[in-house]
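Turn these sequences into a full structure, and let the hints steer you where they fit.
Number of protein chains: 4
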Amino acid sequence: MSKKRILVAGATGFAGALAARILHRHPELELAGITSRSDIGARLDSIYPRHRVPLELEELDLDGLDGFDGAIVAYPHGAAAPVVQALHTQGVPVVDLSADFRLRDLATYAEWYGDHGAPDLVEGAAYGLTELNRAAVQGASVVANPGCYPTASLLALAPLARSGIVTSAVIDAKSGVSGAGKGGGDFSEVSENCKPYGVDGHRHLPEIEQELKALGASGGLTFIPHLLPLDQGLLASCYVELSRPIDAEELRGLFDDQYSSEAFVEVVNEPPGVADVRETNYCRIHPRLEWGGERAIVFAAIDNLWKGAASQAVQNLNLMLGLDEGQGIA
Amino acid sequence: MSKKRILVAGATGFAGALAARILHRHPELELAGITSRSDIGARLDSIYPRHRVPLELEELDLDGLDGFDGAIVAYPHGAAAPVVQALHTQGVPVVDLSADFRLRDLATYAEWYGDHGAPDLVEGAAYGLTELNRAAVQGASVVANPGCYPTASLLALAPLARSGIVTSAVIDAKSGVSGAGKGGGDFSEVSENCKPYGVDGHRHLPEIEQELKALGASGGLTFIPHLLPLDQGLLASCYVELSRPIDAEELRGLFDDQYSSEAFVEVVNEPPGVADVRETNYCRIHPRLEWGGERAIVFAAIDNLWKGAASQAVQNLNLMLGLDEGQGIA
Amino acid sequence: MSKKRILVAGATGFAGALAARILHRHPELELAGITSRSDIGARLDSIYPRHRVPLELEELDLDGLDGFDGAIVAYPHGAAAPVVQALHTQGVPVVDLSADFRLRDLATYAEWYGDHGAPDLVEGAAYGLTELNRAAVQGASVVANPGCYPTASLLALAPLARSGIVTSAVIDAKSGVSGAGKGGGDFSEVSENCKPYGVDGHRHLPEIEQELKALGASGGLTFIPHLLPLDQGLLASCYVELSRPIDAEELRGLFDDQYSSEAFVEVVNEPPGVADVRETNYCRIHPRLEWGGERAIVFAAIDNLWKGAASQAVQNLNLMLGLDEGQGIA
Amino acid sequence: MSKKRILVAGATGFAGALAARILHRHPELELAGITSRSDIGARLDSIYPRHRVPLELEELDLDGLDGFDGAIVAYPHGAAAPVVQALHTQGVPVVDLSADFRLRDLATYAEWYGDHGAPDLVEGAAYGLTELNRAAVQGASVVANPGCYPTASLLALAPLARSGIVTSAVIDAKSGVSGAGKGGGDFSEVSENCKPYGVDGHRHLPEIEQELKALGASGGLTFIPHLLPLDQGLLASCYVELSRPIDAEELRGLFDDQYSSEAFVEVVNEPPGVADVRETNYCRIHPRLEWGGERAIVFAAIDNLWKGAASQAVQNLNLMLGLDEGQGIA
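Chains as they are written, first to last, in our numbering: chain A, 88 to 417; chain B, 88 to 417; chain C, 88 to 417; chain D, 88 to 417.
Hints listed in this document are in silico derivations from the structure and should not be mistaken for laboratory results.
Keeping only pairs whose Cα atoms sit at most 30 Å apart, straight-line, the calculated DSSO-like set for lysine-lysine is: (1) Lys90(C) with Lys90(A); (2) Lys90(B) with Lys90(D); (3) Lys269(D) with Lys269(A).
Per the computed footprint, the stretches of chain C lying under chain D, defined by three or more beta-carbons under 8 Å from a beta-carbon of chain D, are: (4) 251–261; (5) 282–296; (6) 311–325; (7) 361–368.
Which chain D residues stay away from chain A? Per the calculated CB distances, all over 12 Å, these: (8) Glu115; (9) Asp126; (10) Gly151; (11) Pro169; (12) Thr176; (13) Pro180; (14) Ser255; (15) Leu329; (16) Ser347; (17) Glu349.
By construction, the Cβ of each residue, glycine as well, lies at the ideal position given by its N, Cα and C atoms.
See below:
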């Protein structure tokens, strides 16, 4: 049986290029085309030598998509929607790495990103945090791949949120520079520095709020990202007020119930470092209690470009195409 | 008038060596002796070329201290107390960089550090967070220089704590590797990593609790330090529950009242990065509100080796010796 | 057919742990045992979470080696020889990561490392720079895996040396911290620094000299390593005086003749960065000419822990066991 | 006596901003104005908080320069010449940080930088490598501040070049990212990387050639810069063929004769690291011999933004204005 043919649209950004790398080595999928809006004709391995993807970048031809069995779109927010629309119209299952299909509420979307380019597709899109929405992803034709901060934060908070005991939460998040994309951080400003940013409202805040609410959490949410002097890695340190005290056994039970059968979530007994998950699809989580069980602290570490973007996109694509979700990323 | 002669005891650690560097360039104090427990006979500039202190390391002679007009002790916790005792007995004003005289309660001290080597001196020692205890420092013969985390955390929280509106607080702190002292971090483990540590109880927690309580804060305190892949720099991100909502004007007023006349505290309108204060005695603070004023967020950045250790020690020594506190560190 | 069973002796150092990781994922070899001299009973993934090798560290039992079909030994210089001897005696093909079997001349060995623990095995050991000694490796029962600096330097210089036109050479080499092994670099000394070291004679110098001579190079050799503020990566910048001027075509021809059929050597048209080969078995080489062709400059980049140690060991082991050399490392 | 009033033209780049910081703290000079081509009206401390220069950026008024007693120009190559011309015409002594007045030969200048904007001033400009051209600097009204690579390379090679025994030289140079100016290095490309660049000809090559020839060196020169994953720091590793063998005593004598009375050049007995000179005006040099004295190796470390740019500019300005050259930078 021939391999299914996959397109990566927007392969010159960090996440798109990494998706191309993963698909190029995928045992059951074929990286059949890579496109970009610049560098047409260049081979991807001339731009990202380390990824060693010898394909040539082409211009995206929206009328010639029928040769693909699936697609990952890595366009900027706003620019992604029409591309996703075209793929969808031509029957190509698509995982979108942008924010365009993450927010259910079009007014909220407009507030952060402007007019939506394909509003009719929003309702049908699945929110692709695989471990929390597997069934929806499997049946979807459009999957909105979560943001990197939401991925770590929601995996950290889901077991508590689903049990209905979250009163309020502070997410103090730390991310490497690659999270901001190409050209996202000048070495001289980032090196030997650590700084909060986006404090007046980060784009990932409404996404986290939407999903936390869907999981059952109520109350106030504070989300403060910090920029770290490293390239890949994201740590969410979550401080959660609980509506009633719980003990260590109950805490552990909540996390085990949620994650014990998950291949890519590791619940561990000590705080994770981002290096523990570097260049993997793993999320490594350590929950603990304080104040007689009235406050939970949950640390979650991911690689922002892998589980926070490209490898989770492949995990979702695998599911959509009926493959084992770990193919090519384990 | 001849310059006052200062001893640095324990000059081969990071903080002691930096204190020696600052004193060697001090306009009104003379670095008259440097001692250590190893490397006797070596010149300090052979160990720390960048500091360019051409003095030779000597063995500490506890019977020959009368030639000094002041001292900074940079010994490990526990080892410092007898040295401070000896200096005090011989009438030498001393700033101690260890934790030995920070905790008022000897039982708490014993829990974290073991038996105390000079318990009679504890009560009389001033807690040298200069901006919060200036009067006590000026009159003291023994000053306990604060830990690096307490320095940033307490400067961040003092204006709120003193106003009596702090219900509880989370301090998510991030520090560079030098905070752990010489040999404190293997490059291969720290680089490209970020990790919480000391989560079962960091030694700076009782120190912060003691001083916060003294300032008027009640309620629970969570303190989680994280190790950053950088050498010098410390950021405390503090999330504070307030007993009543306040507005931006009141918030700013509280911080201005506390710090507007302070030379080394900068209250600013956007979040500080640790690079903003690198190799300075400054603490840079940004307070803000969330949730309709029911939660305050305060960021404070310092250099852990300067304001968090050596330069604050000189600031305190200046005061004890009747000099302008900014001499040699501005 | 069942997989061949491989032992990694000395799996807690950087190179041994990485060899274990590679073998644990190897499609045709089974990581059947890992041993160490410390941490007996601990699981390797508790020490190196990122490698995700769930095996338990055992004590090495020199009398119970007959269950293995091959071994990689990652002991310190001097300690490796008796372990290699024991494996050899019991008929287990072995790749040794130490320097114990690299130097042909026992007097030279003694000068740098002391008495040799298994002198009778030296002559029969193959020098495992795979691309330059493939035939010898295939037939060997003991392979001395090259040092990281020699690997990059010799791959850079071999095409010129074999053509007999090298008059003298300067190798200005730069390496990441992991090259010095665990605990090899304190963050505070390495970060924001770059420094030559080993200038009075680095242990890799006689190894490079021996092999260069064997390849046909004569004349003086200068080898100066520098420590870089990064973890993994090694760049050798080689400046070569030629006995006669050559042109660009001849230069390129020499490198193509040597490497055009090599899977793991990339000869490219612009200088490589060490990030291009990070966590791969590739060596990336760029040769060029100066001064009318009288001087050649050759840059070669490898990952010091992969091609410079663990992945090249697996490449050699594959060959010794009759497998495709790229199995598990491509 | 009132302090002399100094202008920094182009204060928003790294070197200009640092010059402003140094002058703002200068005991005998007054930073009387800072200008830029962007950010007019902004305070410099809003752009570079760490420098703490509270002055406002103004537009440069070429007709209103008579209120200044000296100037440092930190414009890009090509744009500097007319500004230097205007200052010179109005009698203001000027140190220019660009390459515009470094190259004596206008044809060579044109080859690298295009047409010259003030060719008549070239001949009269002094080349401001202070230690090698002090007399010329003292009497000059226009000083061309050297490039960072030439500064380290020429200080390393001058004692050998002046003795007439240099046959050829290889300069393998390594620099931090700030050497490329603002926006010069994306963190994701620089971090965990090390790469040669400018191999087809770096702009500093003709400058080094010109000055080496003036010092008496003949023969071929190879200059290869490498980019390091650090912010500030430059190391030149120089490999020099000598026309006759010399011994260690003669070597040391040559360097001592040249530098023993220099305040800012340290000749030391072991290789320097760039951290040894960080944020100082020092150049730290270690010379050694190989091959029976036929080859010399000289390492020189500087801070590329300090001795390689801003602090050397102040050193030169001090001399031009009749002050002690170390004022404000020691």
